[in-house]
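Peer 1: Top line first, the protein sequences correspond to chains A and B.
Numbered per this note's numbering, the first sequence finishes at 257, counting up by one with no gaps.
Numbered per this note's numbering, the second sequence finishes at 1599, counting up by one with no gaps.
Keep in mind the hints are simulated off the structure, nothing from the lab.
In this text the structure is predicted, and so the values were computed from the model without any measurement.
All clues given are correct.
Pairwise CB distance ranges (calculated): (1) B/D1546 x A/S176: 45 to 51 Å; (2) A/T191 x B/G1272: 51 to 57 Å; (3) A/Y78 x B/F1405: 39 to 45 Å; (4) A/T191 x B/E1426: 29 to 35 Å; (5) B/I1553 x A/E190: 37 to 43 Å; (6) A/F111 x B/N1361: 30 to 36 Å.
Simulated crosslink set (DSSO-like; lysine-lysine; CA at most 27 Å straight-line): (7) B/K1507 x A/K218; (8) A/K218 x B/K1455; (9) B/K1457 x A/K189.
Beta carbons are placed, not taken as given, at the ideal position from N, Cα and C, and that holds for glycine.
Okay, here's what each chain looks like letter by letter:
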Amino acid sequence: MKLFIIILMLCTTLSAIDLNLPSSAIQNATSGLVLILPSPSAAKSNPACSFTGIETSATYLFSMEDLPLYNFHVQYKYHDFGFHVGSSFLAHPLYKESNSMFTLNYNYNEFTLGSSIRYLYNKVEEYHEDSALLVDMGLLWENGNISTGLSVRNVTHSLFLEEQLPIVYLWESCFSITQKSKLSIGLEKETNFDFAFKIAGRYDVHKVLTILSSYQYKPDRIGVGAIFNLKDFSLCYSVRTHQYLSLNHYISLNYAF
Amino acid sequence: MRSKLVLILFLFIAILFAEDSEEKLFSFEDETYHSTELSDLLQNIKRKPININYADENKLALIPWLSEKDIKKIISYRITDKITNLEDLYKIGIDAVTINELEDYITFSSTFDLKLKQTSRVELHQPKQYLPSTLKYFQKTIFNINNFKFGFISQKDEGEKNLIDYYSYFVEYSNKNILRKLIIGKYRLALGQGILFAPKLGMSKSGAATSVPVKKFNPLKPYTSSYEIWEMEGAATNIKLSIFNFVPYYSNTAISANLDTLKCITSFNESGLHLDENKKNNVNEMIYGLATKYTLQDHSFGLNFAKINFNHNFTNHARKSEYSAISADFIINRNSFPTFGEIAYTQEKTAGVIGCKFGENELRHLLLLRYYQKDFPTWHGNPFSSQSRFDNEVGLYYGMTIIPFERTKINCYFDIWSFPETRYFEKMPTVGNEQFIQLERKFNTNSLRFIIQHKDKEKYISLDEAKIRDFERTTFRADWWQDINNFRFKTRCELVTEYLANDDIHKNGILAYEEIKWKINKLTLIGQVTVYHSDVLHYMYEHNVDGIMQNSILKGDGAYSYFVLKYNILKKIEIQFKVSDHWNTKDKMRLYLQIVSSF
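In isolation and in its complexed conformation, chain A is listed as follows (with noise of 0.2 Å):
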C-alpha cells in the first residue's frame, strides 16, 4: 500500500509553484514552524525533517472559494533514511500552480541532513505558462529537549520566466519545557521581505487533543489550531489571520504508519 502510493506519487503530474504557503493545517497553526508537530509535511518547509505517516491537508486561501489549496505529503523512513514525497496544488480557474516534491534525508547520530527536489509548475490562462526545478536543503540537529533546524529553499537559485524564485531561509529552534509543552522559535527570511519572527506553543491537554498557536511577526499573523488524535490517524483543524483578508481557515488529515 505504502509503495503504491509512493510509486503513485512519483507518477502523477508534478505540477506546483513557489508561494511561500503553508502546507498543512499544522503550519497554518504555527506559522509555518515545523519542529514543534512534526508531519510528513514538514519535509516541505525543512527536507531534514522526517515523519513516517500520510497527511492531506485542505484550505480556501483567505476564506476565498476560489482560490483553493490542496496539498498531499507521504514520508516513510527505512533505517536512517527518510523518503518523502508531496504535492500542492493551487487551482483557480484562471490561474494554477503546483509545487511536487522528492526529499530524501539521512539521520546519524543527532544530526538529520535532507535535500528535496522540486518541480513548480504555474498556468496563467491566455498569459503564461512555465515550470521550473528547485533543489531545496535543509539540517537538523536533536539534542535532548531542544531540536534546531535550519532550512534554504531554492539553493539552486532557479529561474521562472527569465525571474529568480524567491530564497527561503528557516531557522527554528524547539524546546520542551514539560512533556505536555513545547515552544518553538523560529526566523525566516524570504528574498525581497524583512525577517519574520515566529514563536509557537503547543499543549498536550489530553492523548486525544493538542492545541497549537503561534504569533508571526512582520507580517502579523497569529495561529491557532487543534488536533484531534484517534490512534494512528489525527485530524487538525486550524486558522490564521491575516489583517487586511480573512482568516485562513485549514483542514488535515493525518495517518501515521
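With chain A fixed as given, assemble chain B onto it according to the hints.
Peer 2: Frame of chain A, contents of chain B only:
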C-alpha cells in the same frame, strides 16, 4: 482505754478510707456528668461562637483550651489592639495547637462593629491659565456598622466653584444569607467580560500576559471612585438562591454631555471637569435590568437584560436613545483548559469576546478573540480591546507566560486588531498590531525587568489630509530594583522611538529615573528624580498619595522630581504628602495633602 483508742483510730481510718472511696465514686460520676456537660457546652459555643474581642474573663474561661495565662494575654492585647484573625492570636503568644482547637469556637467580629474610614485630600497647583479656583478637593467618608456600610464622597476639581461639585453616596447592606448585598445610592455594575457593564479604569493588557485580559468581577459594588462618570444611581441588590444569583438594578442619574444645536448628544464629558455649569448633568440616563448567574464549583453562566433610556437623541443616528440590551456570559474551568466569554446584543448590533487558557505553570497560553460591531454602545462597558472605545474592533490576542528557570519569568503578548469600518475621522478601515515581551529575573535582593513593546497602527495624523498614516512606536525599558535594609532603589532607563513610515519621520526619546523608597516603622518616604530628552511622549506611572493612579506624561528636555511622605499616627491616622515639580516647564509645583483616618 487503750482498746478505745485503737477502736477510735480504726474508725477514723475507716472513715478516712470510706470518704476516699466515696470521693472517688463521686469523682467518677462527676466526670461523666462533666463530660456530657462539656460536650453540650462546646456544642452551644460552636453554635454561637464566643467573641474573642468582647468576651469577659469568665466567658473566655468557658473555652476549655484556653489557659489562665492565655486569657490574660488576650485581655491585655485587647486594650490597645483588636484581634482580627487567628494569626493575631499566634502573635499574642498562644500556641498553634490551641489555636487550631479554638477555630470553631471563637469569632472576631463585634456585636456592634463600628468602623470609620475618612479620607480627605487637597491638590494644589499653579495652572497655565487663569482659573477661579485652583484647589482640587476630594473627601471620602465610609462608616461600617455591622452589616451596613454608609458612604459619602465629594469632589471639586480645579476651576470648579462649588466645593461639592460632584458627590457620590451609598448605603450598603451585606450578609451571607439570601440577600448578599443591597446598595441604595451610587454603585457600579460589572458583569461577564464587561461588554455592557464594567469599571472603566480596568486594564486590558499588561505584563501579566495570561491573566489580566480575563475579567473577573464582583458584580455589584458601591461607587467610591473619584472619577465623576460612569456611575449608576438608584438601587441594586444581589440575591443568592442556592446556585443562582440575581442582581436586579435600577438607575436614574444625570450625566454631563456635549449637545449640538438640536440638543442631540454628540459625546459624553468623560473628563469630569464642569467649568460650564450649563453643560453639567444636562442629560438624564435611566437604566434598569436584571442579571442572573448560575454558579457551580468549576463553571458559571450568566444572563443579563438591561433597558437603557436617554432623554436626548444622539447626533449619530445609528445610536438610539432608548434600547434594550441582552448579554450572556460563561466561565468554564475544566482541568487546565478554562474557557470564558460573553456575547451581547443591542440595537441590532452584536459584540462578543471569547477566550481560553491552556498550558502548565512553566508555559501558559491565553487566546482571546473579540468582535464588536460598529456603533455598539460602549458607555458603561470596558471589555478587552485595544482602546477605550471598543466598538468597530475585531481582534485576536495571544499571550504567553514562560518560566524557563526558577525566578525567571517571561511574559509576552501579541495582539492584532482591525477596525473593519470607518471610525472618527478615518474614512477607511484601519489595522493595528502590538507586540510585548517582558523578561523578569529575581535575585535575593535584586530584581531585573526588561521590556520591549512595539505598536504599529494606522491612524490619521491630521484632519487636512485624507490619508491614513502608518505609525510605529517602540519602547525599550530596563528596570532594576535593589533592596538594601529598609531602602528600595529603583532605576529605570527607557528608550522610545516613533516612526511615521509614509513620511519617513523618525522621532526618539530617552528617559531615566532613580527612585528611593525608605520605610521604617510608621514612616514611608519616597523620592524620585527623572531626567528626559525626548521628541516623543513618555508615559510614567509614579507613586502618589493613596487612591490616585498618576500617569505623568513627559516630553522635551528637562527633569522632573517628586517626593512622597506617609506617616502613620497611632495606627489610626495617616498623613500623606506629595510634592512634584517639572524643573523646566511653566507647569509649577504641584502639592497633595491627604489625611486618612481609620477608627
